[in-house]
Amino acid sequence: MCRLALKTSNEAFSPYGVFEAMEAMQEGYDGSGLGLIMRGIQFTDYSYNPRDPVLSGIAHTEEALHRLNAFMQDKGFALKYDHEFNVDLTHIEAKDRHKYLLRVYKMPESWNNLSQEEIEERLMLTRLALRKDGEEHGGDLTSFAFWPDVIMIKEVGWPLEVGKALGLDEDRIKARVCMAQGRQNTNWGINLYACHPFFIQGIATMTNGENTAFIPIKDWLTGKGFPGYIGYQSDSEVFTHILHYVLKQLKLPLQAYKHVITPLKTEELAEHPQGDFLLGLRNACRRLIIDGPNAVIGTLPDETCLLVMDAKKLRPATVGGKPGTWAMASEMCGVDAMIPDRDKSKDFQPMRPHTVIVPPDRQEYKIWSQFDQFPLPQAA
Amino acid sequence: MVPIRSVPSTPSSLAANDFPWIIEHREDRCTLCGRCTAVCPVNAIKLSYMRQRMPKLVLNAAERKTSYRTFVGIRQKTDVSKRCVGCGMCAMVCPNQAIKPVPNPTRDRVRFQNTQKGEAWKRGGRRNEPGANLLDKIIFTRISMLTDPALDAGRHEFFMNTLLGRVLSPEEYLKRKINGGWIPPVREIFPFIIGSMSFGALSPNMWLGLLQGVAYLNEVHKIPVVMATGEGGCPPWVLKSKFLKYMILQIASGYFGWDEIIRAIPEMKCDPAAIEIKYGQGAKPGDGGLLMWFKVSKLIARLRGVPEGVDLPSPPVHQTLYSIEESVMKMIQSLSMAWDFRVPVYPKISGSNSAKAVLNNLVRNPYAAGLLIDGVDGGTGAAYNVSMDFMGHPIASNLRECYLDLCAQGKQNEIPLFAAGGVGKNGNVTQNGMALIMLGASGVHLGKYIMQAAAGCLGAEDHNRCNICNIGLCPKGITSQNPKIYRRLDPDKVAERVVDTFLAIRTEMKKIMAPLGRSQSLPIGMSDALGIADKAAAERLQIKYVC
Ligand code: SF4
Ligand code: SF4
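If you're matching them up, the sequences are chains A and B in order.
Each position in the first sequence, counted from 1, maps to that position plus 865 in our numbering.
Each position in the second sequence, counted from 1, maps to that position plus 303 in our numbering.
These are calculated hints, taken from the structure and not from any lab test.
Careful: at least some of the hints might be erroneous.
[Claimed, not checked] Keeping only pairs whose Cα atoms sit at most 25 Å apart, straight-line, the calculated BS3-like set for lysine-lysine is:
#1 B:Lys847 with A:Lys1130
#2 B:Lys478 with A:Lys1089
#3 B:Lys478 with A:Lys1130
#4 B:Lys814 with B:Lys440
#5 A:Lys1116 with B:Lys478
#6 B:Lys838 with B:Lys440
Whole structure, please, built from the sequences with the hints as guidance.
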């Protein structure tokens, strides 16, 4: 089982605090992988424009770094900022980390006239091209994210150690949303791409538990032929891709996500005001029904954060906090560690039909139930 | 040696132990009640008087004469046409366990003589290949334990239903919802389906029992089991009843029964579950249905709109079959139209190397609601032995390649594949069915298994036991149209067994799904759960080789 922690706050904060929360939940993972995603980022030594894409990854060799430079130059990306981590590799096992990449680029001039959708597609294709290049060269280049206002770090090791290895405890980077996962290696080999969170076109999720419906879901997503639906080193990557599919491809509201992954029963839909539409949606998206136990925590480009459970609800996951600052974690002690000074009686553990949302204003969290009506484009 | 003349031997002369089944009769137990000879469906045994010479060893020549003892016993006839079929009815009715058929441990000679009068051997049953088939060898190896808790089959809620009908891609669904387009009909059904067995092949009592059982499962247990009619229509009272929604009506090349069906449409209270267009059948690919004259009773003749007592062979192909495009397209469309596009219409084909080609044609046909592939082990009421034993394609790899082909196109949710042919051949019905589902089937059809489980059909592949469904003398009354015979079968009892069978299947499904950590949807295509100790099969099916 893996451990999940997310903190979102109006004031940017250091990710190290989230790592400390991970430490509080330590029994639940084995240090085989750690992933972190940050949004709403601020650097102490650079004034960042949140429209510029940030490349996150690792160049494992000097040669890979050269290839990366050449590639980005060739595509017309101008390097605006190259974050130099204060690296201390003694804290982690891996030795082949030539350079942790955290670079801000300026988009090519030629993209100026492109629509938002086209830009998003090209950003994704750029990330995928880098990933492929790395894979073709013995895995010497890893690219986790290439997106405006998103930093993604993945490493094998214990959270605090990884934090120290990268100097994250020095608070040179802060963010308004930090989401981290400590991995319990289950049946997949240790692979950086297998660490959560997973990311595609601004959408990121992380999960605990195992998704036993993984193969049929993967087969279906792969069959879509969408270039970003690849990887699947972890069975949890499908949760991210399903969310992406629902929001970006089907252009449905966020409420529909839960209806796709854990649809209501036929009898329940018969009573639902949008039952007819939802039944059809359930049929059409049938191969995307997950089979947990899982808690899925995610963030969207507008800094909305969400938490949903699978239908069996065998995982505890809690949201708690106070106006302006909220935390979500797979265990309650994780929330305690991130926001100790909150009213615990307001904590909430979502059940089968719930989607918990912390909207970008962070005033309060919202609970959507699948039994409620939700806004839909004319469709329903 | 005796002169040849005195030995009555013709090329077809056989002794009792040349037969596949040898009758063992114990005179010491026999009460001469005559029940066995009366019940024997093929007249294979006779009650006869026998004389035994009782030589006396006396020295005095005057007293030396032979005396005889007469006794009564049961003897097996040695005429090929009266061969004992091993059904075991004689043993079942004998009050004293004095008689039983025993399989011949050596190779029988009937197989060389069953072409009397130039007739090739016809029979009922399925491919006579006894022993575990490939499906029986597949095991479920992905057991959830610690990484994710296994589920409790007794307490968790399981979603086991499947969809029958063309499912739109999510994009297309939303588009049509917004523009008010046609959303194809989809039925939520139990994935184990009672496959096509016609009213004609089955006795009225059997058919009624199945229907009663299906209705009970739906209405009392809320398990949406459906059954297919087979070619031969449906009794008019069923067509006009609310039970029609549990029926898949089959149309095949003989179009038998379709006059009645079409005429009943205006009076139907509900729509049928689906329409199945039979292009092929696993037991006898390339051959049409065959209802032999023995079984064309008055009732059957009326339902099918034909004279009584004539052979009813359906043509091997549909008359409209000029090309697959034309046949499949036109038939699917016309039948959809007949119910105003409210009923899923799908074709049934026999397993074949060309199944993928048919499938791809269906993918392009927006009205096709699915595809049923019937593998080589499928059963039938009547077919030539050569078709049954040697024609067709095993279901597992045929289904798998079709499923993977759909996956490659991202269409596996749009055209549900159904598999049939040998499911439960050795009794492992749920395991066989779930293996096929995890290989990619949306559901499976059961025929012979249901006859065996629900009505006690005696047929088996070992020594071709019984398998005389074609001649209307079914000893259990399952496949006979003779009221004297089919009265033996109590429809209520059949219904009870149908219900027992499906309840048990449902429990076993949970027992398979729970340890795999699956409960939220039927694990269609969950091939990562499967393993087989056969390298070549594992490679072909793209599942794990385990040993
Ligand atoms: S086993 Fe069946 S066919 Fe053979 S003698 Fe007995 S009743 Fe007749
Ligand atoms: S018992 Fe009836 S249905 Fe079964 S094999 Fe014999 S004749 Fe056929």
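Exercise. What hints, given by number in increasing order, does this structure fail?
Worked result: Violated hint: only 1; rest satisfied.
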